[in-house]
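Engineer: As a plain string of letters, each chain reads:
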Amino acid sequence: MAGSVVVLRDLRHAYDGRDVLRLDRWSVAEGEHWLVLGPSGSGKTTLLHILAGILTPTQGSVSIAGQDLRQQRAGELDRFRGRNVGIVFQRLHLISSLTVLGNLLLAQYLAGTAQDALAAHRLLAGLGLADQAHSLPQALSFGQAQRAAIARAVVNKPRLILADEPTSNLDDANAAAALHLLLDQARACNATLVIATHDRRIRERFEHQITLGIGT
Amino acid sequence: MNLLRLSLAYIHARALNAALNVLLLALGVATIVVLLLFTQQLEHRLERDSQGIDLVVGAKGSPLQLILSSVYHVDIPTGNIPLADAEKLKANPLIKASVPLALGDNYQGFRIVGTNHDYVSLYQGAISEGRLWEKSYEAVLGSDVTAHAHLRVGDTFVGSHGLVEGGEKHEHSPYTVVGLLAPSGSVLDRLVLTSVESVWEIHGQGREEHDEDEDRADPNKPRHVQPQELTALLIQYASPMAAAILPRQINAQSALQAASPAFESARLLSLVGVGVQTVQAFAAILILCAGLSVFIALYNALRERSYDLAVMRTLGATRGKLLAAILIEGLILASLGVALGLLLGHALTEVLGNWLHAAQRVTITGWTVVPGELVLVVAALLVGLLSALLPAALAYRTDIARVLARR
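In order, the protein sequence lines correspond to chains A and B.
179 is the number that this note's numbering gives to position 179 of the first sequence; each next residue is one higher, with no gaps.
278 is the number that this note's numbering gives to position 278 of the second sequence; each next residue is one higher, with no gaps.
It should be emphasised that the hints constitute simulated quantities derived from the structure, not laboratory data.
One thing to keep in mind: the hints can contain errors.
The following residues of chain A were derived to be distant from chain B, with all beta-carbon distances above 12 Å [stated by the list, open to error]:
(1) L8
(2) L23
(3) R25
(4) E32
(5) S61
(6) E76
(7) R83
(8) H93
(9) G126
(10) F142
(11) L162
(12) D171
(13) A177
(14) H198
With the Cβ distance kept under 7 Å, some of the chain B side facing chain A (calculated, not the full set) [said to hold, decoys possible]:
(15) Y307
(16) D308
(17) T314
(18) L315
(19) V378
(20) L382
All values derive from a computational prediction rather than experimental measurement.
Just so you know, even glycine gets a beta-carbon here, dropped at the ideal spot from N, CA and C.
The shape of chain A in the complex, shown without the other chains (with noise of 0.2 Å):
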């Protein structure tokens, strides 16, 4: 299908022998913002990993970008997600090591693209976070972090974004807000958004959603 960012064919994936996923058939064209939806359990975050490539699903093909992932080598796959996929965790797992601006660095170096301190620099300042570049993650908010996180998993321009629950643990101003963010930023790289929840507050934000349960 021309335009597609996923395309996914007779996809099964089992834990122990037990199916905790199946799809037959999903495409997401290019900059479409889709909810995967469903209980917990329902293989959610399953299907973020193979979309990002970090599992490899039982049986059927994962096609992102053009490039199935099946086909590739380990190290070509890792270099192909760090450019093409950003992924925003629930826990978020900031580097607690490294300032926000070094975790953002990080990711530009892990990526192999140029280091452009000064485009995160821009970055971070548009997300609201210009005075909080030289602070370790500990010291942020939950709020600032999740910026950060979401900082990071754009900096390199994704044509995909992937997320995991950024919304659950927040009340409604707060979730209302950083979906406000990620769309924003989804529309400002003109990438594809992929958002897993169990969140109903937010259903209604999106014409593409996509349940997920036993037996689909």
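Once you have looked at the hints, place chain B on chain A.
Structural biologist: Just chain B now, with coordinates in the frame of chain A:
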């Protein structure tokens, strides 16, 4: 950002722990450096002082004591030998050259040695001021003696009886300084040289002054040279064959003993060596403990850091990069430990050397490098690398999806 800065950031985040590991390694390295520098310089010193001396002939007793007293001038002599026996020996065709030594007095703790000019040539000693002795009661000072006693050419001094400070002074027969020796890095530096006859004459006059029997009653007091006696004869062989024949020939005589400086100093070093090896083994254990400590630190950090490692993989890090990052961290800790250890070891040797120089007049310096240190550096770095290897391998094998799915 690069792997080095990343590793440094992790070390910085656990600075106290890192400092402890570095210190542990540094102590092990420093201990071995001190031992290396000491044994190396001691060996060099022993070699330098016994060069050109194939055999020492003196009175019967311990061969090691004979060598220590007449070659290194640290122990008391075994006794004296009649001049007639020495003269008879000198005629032996197996002997190329011989130097007589007559001991018995000291000046401020520096031994006064009655000998001939060949003794100075033996160590390539050079006169820096004045001339060598010609007549009785003329003396030439080694460089340490000059520095310590502040004597100049033309000054006079009196020797004291015995080989250590505090003996009865020979007030009636003062020596005149006629020459000063340049530093030679050998035993000459801490000796006062004069003619054999001077030593004889002083003790010839002294016969009425002190009771011979009283001297003999004290076994710790050496029997000083009497006229027509020598303390020892330093011998150079005429041919290698002499080594096989001469010592046996001399030892067969009832009054004389022959000892080889090479053999006795090797024996001495092997005795000292047991102690050195013991300390070296302890230092090696210390280094291994440091390696173990680095290993435990990295291994524990790995558990704390498993999320970090998984996140770095999602950011595009290959397995190889994570492996390298952990190895670099181990190597940085090891390098810091080695660098600090080398610095500490050399400084400690210099301090101990200065203290020893004051106490024992043995010159040992910390500002020199011995080949063994290179082996030590490589070994210590290897310990650091090895201790990081298992944590690095575990980081390499981390299943990132499983770590990230952990709640």
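Engineer: Are the hints correct? Go through all of them and say.
Structural biologist: Hints versus structure:
no. : hint : in the structure
1   : L8   : holds, 17 Å
2   : L23  : holds, 17 Å
3   : R25  : holds, 23 Å
4   : E32  : holds, 22 Å
5   : S61  : holds, 18 Å
6   : E76  : violated, 9 Å
7   : R83  : violated, 7 Å
8   : H93  : violated, 5 Å
9   : G126 : holds, 20 Å
10  : F142 : holds, 17 Å
11  : L162 : violated, 9 Å
12  : D171 : holds, 22 Å
13  : A177 : holds, 24 Å
14  : H198 : holds, 14 Å
15  : Y307 : holds, 5 Å
16  : D308 : holds, 5 Å
17  : T314 : holds, 5 Å
18  : L315 : holds, 4 Å
19  : V378 : violated, 30 Å
20  : L382 : violated, 26 Å
Checked against the numbered hints above, the structure breaks hints 6, 7, 8, 11, 19 and 20 and satisfies the rest.
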